[in-house]
Every structure is written in structure tokens, then in C-alpha cells.
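Undergrad: Chain by chain, the residues:
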Amino acid sequence: MAKVLMKGCEAIAEAAVRAGCRFFAGYPITPQNEIPEYLSWRLPEVGGVFVQGESEVASVNMVYGAAASGCRAMTSSSGPGISLKAEGISYLAGTGLPAVIVNISRGGPGLGSIQPAQQDYLQATKALGHGGFRAMVFAPSTLQEAVDLTYNAWEYAERDRNPVMILMDGCLGAIMELVEFPEMKEPDRKGTKAWDLNRNEGDTRNARLLTPYFPEAILELKNNSQKKMFERWAQNDVQVEEFMVEDAEYIIVAYGISARVSKEAILRLREEGYKVGMIRPITLYPFPKESFNKLNYDQVKGFIDVELAIPAQMHDDIALEVKDRAPIYEYCRSGGLLFDDDGVYAAVRKILDGGAK
Amino acid sequence: MKKSLVISGSGGQGVMSAGIMIARTAVSAGKYATFLPEYGPEQRGGSAKCTVVVNDEEIISPLMAKCDTLITMNEQSFKKFGASLKAGGILIANTSRVLSEITREDITVVRVPADDLAVELGNIKCANIILIGALIGADAGIITEEAMLNSLEAKFASKKQEVLDLNKAALAKGIEYGKNAK
Numbered sequence: 001m002a003k004v005l006m007k008g009c010e011a012i013a014e015a016a017v018r019a020g021c022r023f024f025a026g027y028p029i030t031p032q033n034e035i036p037e038y039l040s041w042r043l044p045e046v047g048g049v050f051v052q053g054e055s056e057v058a059s060v061n062m063v064y065g066a067a068a069s070g071c072r073a074m075t076s077s078s079g080p081g082i083s084l085k086a087e088g089i090s091y092l093a094g095t096g097l098p099a100v101i102v103n104i105s106r107g108g109p110g111l112g113s114i115q116p117a118q119q120d121y122l123q124a125t126k127a128l129g130h131g132g133f134r135a136m137v138f139a140p141s142t143l144q145e146a147v148d149l150t151y152n153a154w155e156y157a158e159r160d161r162n163p164v165m166i167l168m169d170g171c172l173g174a175i176m177e178l179v180e181f182p183e184m185k186e187p188d189r190k191g192t193k194a195w196d197l198n199r200n201e202g203d204t205r206n207a208r209l210l211t212p213y214f215p216e217a218i219l220e221l222k223n224n225s226q227k228k229m230f231e232r233w234a235q236n237d238v239q240v241e242e243f244m245v246e247d248a249e250y251i252i253v254a255y256g257i258s259a260r261v262s263k264e265a266i267l268r269l270r271e272e273g274y275k276v277g278m279i280r281p282i283t284l285y286p287f288p289k290e291s292f293n294k295l296n297y298d299q300v301k302g303f304i305d306v307e308l309a310i311p312a313q314m315h316d317d318i319a320l321e322v323k324d325r326a327p328i329y330e331y332c333r334s335g336g337l338l339f340d341d342d343g344v345y346a347a348v349r350k351i352l353d354g355g356a357k
Numbered sequence: 358m359k360k361s362l363v364i365s366g367s368g369g370q371g372v373m374s375a376g377i378m379i380a381r382t383a384v385s386a387g388k389y390a391t392f393l394p395e396y397g398p399e400q401r402g403g404s405a406k407c408t409v410v411v412n413d414e415e416i417i418s419p420l421m422a423k424c425d426t427l428i429t430m431n432e433q434s435f436k437k438f439g440a441s442l443k444a445g446g447i448l449i450a451n452t453s454r455v456l457s458e459i460t461r462e463d464i465t466v467v468r469v470p471a472d473d474l475a476v477e478l479g480n481i482k483c484a485n486i487i488l489i490g491a492l493i494g495a496d497a498g499i500i501t502e503e504a505m506l507n508s509l510e511a512k513f514a515s516k517k518q519e520v521l522d523l524n525k526a527a528l529a530k531g532i533e534y535g536k537n538a539k
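Keeping their order, the protein sequence lines are chains A and B.
Here the numbering used here is used: the first residue of the first sequence is 1, the next is one more, and so on.
Here the numbering used here is used: the first residue of the second sequence is 358, the next is one more, and so on.
Everything labelled a hint here was simulated from the structure, so no lab data went into it.
Glycine included, C-beta positions come from ideal geometry on N, C-alpha and C.
Label pairs and their in silico Cβ distance ranges:
#1 P398(B) - Y297(A): 41 to 49 Å
#2 D342(A) - E415(B): 17 to 25 Å
#3 G273(A) - G403(B): 43 to 51 Å
#4 G402(B) - R205(A): 54 to 62 Å
#5 G403(B) - L219(A): 50 to 58 Å
Every beta carbon over 10 Å from chain B, so not counted as near; a handful from chain A, in silico:
#6 H130
#7 R159
#8 N200
#9 K228
SDA-like cross-link-like pairs, simulated, lysine to any residue; straight-line CA separation at most 25 Å:
#10 K3(A) - I377(B)
#11 K443(B) - G336(A)
#12 K3(A) - L506(B)
#13 K360(B) - Q144(A)
#14 K512(B) - E14(A)
#15 K359(B) - G343(A)
#16 K323(A) - R232(A)
#17 K3(A) - A504(B)
#18 K228(A) - G132(A)
#19 K436(B) - D342(A)
#20 K437(B) - D342(A)
#21 K359(B) - A2(A)
#22 K512(B) - F181(A)
#23 K275(A) - I416(B)
#24 K3(A) - D413(B)
#25 K301(A) - H315(A)
#26 K360(B) - D340(A)
#27 K359(B) - D342(A)
#28 K525(B) - L5(A)
#29 K443(B) - E271(A)
#30 K360(B) - L337(A)
#31 K3(A) - K388(B)
#32 K3(A) - E241(A)
#33 K193(A) - F214(A)
#34 K437(B) - L338(A)
#35 K350(A) - K423(B)
Okay, chain A solo, but in the shape it has when bound (with noise of 0.2 Å):
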């Protein structure tokens, strides 16, 4: 398929559709409605169902049903809106219900603003509900990277019988980029899934579904199997670019737009001498550990977490494998306000001057 210009919230919901996505349902909050906008008009084109619902409390039980139903089923939101979907989120690891839940993130905390920013990623990889569970956390960096994601994302949510999260800034939500599509999955609906309620004529499966777990014992079963599963994810499912970080001796941790930013005034820096890379997660959850505990620290003078959210929200992760190694500075915005190319390479470039005398 050819190259099409489209909108970052545009793309991901096509890249769902065309994952197997049959039911979204979900309660409009800026910079998150292109979402529900177009698939309002393209989940019936194939045959699917797109509901808005009467709250955000409402969407996700509507998801968590569908869910139930065997159905590949998304819902998406901001901020204020995920933390009103936490509940059945948590429903969704309780139960074992596979779920893709998109945040296009802004400002906070509270309302907070309209305006794009990365104020989520502690909700998002620490605790998107309650009761402890963890959901596997992608943050695409480019509307491709969001494509190919969310088309995928289904993948994991049904192996683990977990929600899936999409965490992307309103600002990659409202760009336009070239992205090319993925051919169309078919949904399977035979109604083989083990979680599937449904049941077709001569089924026998004995699909069903636990919530809440009793005795205590079965649900400390549950905790257990869980806590393999993330452990597994840390093994096998970490996704991560490492850019020019062979010789670096400054590493910028940077992930969704603040990224490419990034990526941009290192190749700047680099044309001036500077060693410096960057670790760019694209799982946030399961945190690339790896990409830390392998580096030389002789070599390595410090990191640099580059966020739209003050106060830097992933450089507790990073301080927990870099263990004191090396520092960890800071260059953040927030409220709304972006970043820029010069603003970056200027920021860098003067903790790097300072950490060279």
C-alpha cells in the first residue's frame, strides 16, 4: 500500500481496524477525539461497532465486555479520562481480558491543560489501576512506529490475556506524516479464544471467566502466575532503540516526540564532537534495564532525561539501573509548552560543556 499523509490519532485507530478491532467505545477528551471521530464512521464500513459512550466509566466496561465476547476491542482517552477508566482496567488484568486502551496524553495534573505533554508515564507503567497488575506499555516515537504498535498490539494483549497500553503526546496525536498500512487481519470469531463467552452451535469449551477469585488461595495463584508474566515480558518483549551509544559518553533517555527532538540535536552535537546517544524505550513497560546495565560506565559521564513532564517522570527507572554510576540531569518542559531543536541542542549542549570541566 502507498504512503498516505494522516493524523497521528487518525492512524492509530486505522492501524486498529485493521488489526482485527470490531468495538471501540469511548468519551471525547482533547487531543484524543480524531480517535473516536473516525471510527465512528469506520468501524460500521466493517462491520464493526463504535459507541460513544454516556461516560468514560461506561466506554471501558462497554470494552470489557466486548472483550468477554471474543471481540478485538479498543478504547482511547487522555489523562483525566484514564483515570476514570483505571477501574476497568484493573477489571481487565483481574479478569484476563484482552484490551487495547490508547492514551494521547497532556497536561496535569487534574484537568490540567489541553496541550500535548508526557505527564502519564508514571500511571502508565506503575499502576493504570488498582490492585498491582502491569500492562505492557508501548510509546511510539514516529505515526509509523504508532501503526505498526497498535497493529501488533492485540498480539500481546491475547497471549497474556492483559490490557494493552498505547501511550503517544497529543502532539504525535495531531501531527500529519506519511505512514504506510498494514494489510487488513481478519477478526477471528470462531469463538476458539479461551476467554470467548460466546458460543457457537456444537461449542463444548468450558469458557469462563473469574471475578472476583475465591478462596484466598486462588487468587494468590493468580498474583503468582502475574508476576511470571512480567518477568517474562522484562526477558522477551522489551522493545528499544539505542542510538549512537557505542562511544557515548552522555546517553539522553528520551521516548515518544521528545525522542525525535533529541535525535535531532545529537546529530547536531555529533557534527561538533560531542559523544553523546541516546536510549530511546519504546516499551516503557518492560523498561529497557538492559540498555543500562550493559554500558561501560568508565566510558558513560551521565544521562540526560529529555521529557515533556516536570518533574521528570522516568528518572526513577533510569536512577534504578544506572545505581549511581553516573548522574542523571534533567531537561524538561511541560504545560503545554513543546520543545524545539535549538532549545534541546542548547539545553544538552551546556550540561555537556558543564560535566566537561
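Once you have looked at the hints, place chain B on chain A.
TA: The following block gives chain B in isolation, referenced to the frame of chain A:
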């Protein structure tokens, strides 16, 4: 070569549609392009700004501190973004609404009374197309006249012939102003 363009004005002036059209036109000519809209919660009348980046290769960062070309559609946006134009850049000012004196001497200035010209042509709504014409006429190196004409034909294919003719006339008018300013 990487070129950045900022179009700014107020909601309802066609800032976003002009930016999208330019990005689409660049892409149809085989280039890479990004379009980033920025606006407040207002539907009409608020500040509207978009950034279009066009390049021969994939665009790494779509966020630039300074732009190569700036189109300002009103006084407020001229005041807000005038300084973000690079030295040696091109300023295209809709002088029907940009009333301040333009004093910078390190830039090329294209003065186009786009609103007045658009009304003369028959519809205020084509003011943004006049300004796109000025961009082409001033050789901003972002899109060509031929590619833009193709885009207009595609965009207005389902409309009456008069709509296409009006927009073509608007484009030609803008190109004339752009050329004269060089």
C-alpha cells in the same frame, strides 16, 4: 533540503486548511512532510498556528524554534510569531490585517492585501490560497505552482467549476505578488 513554514492567524481564516493543503501538495510531489496544528480551546477567533516541515528525506524532528518562511494572516499573529522567522527568511504578511510597520531588514517581505484581494475576486475564503500563491511566487522552495494546481483540482473536484476557477485565480494573484516582492 529541510524547509519549515509557519502559518498563523485566527481561527476561521483557513490557517489549518492552508497548512494541510501545502503538506499534501509537497507529499504528492514526492517529498516528506509533517503538519502540526496548534490552537487553543476556542472554535473561532482564537489564535491558530500550524507548522509545516518539508524535506527530501524523512523528517526527524518536526518541532523547530525558527522557521524559514512565515505567513501571518493577522496583526496578533504577526506580533506573536514575527521574531521566529530566521534571518534571510521570507515573511508573507496579509496586509489587509497586519497593520504594524514591518521593520526587519534581514528578511524578504511579501506584502499581500489578501483579504481585500479575495473579496475583489468574489470570496473572502480564498485569502489563504492567495497567500499560498505568494509563497510559490516568492520561491520559498516548499511547493511548486504545478503541484499546487493539481492539489486544487483534486480538492475541488466535487465542487462547481466556479469554485475551482476562483481558487485558481486566487493562486495566480498571490503568485504575482510573490514574484513582485523578490
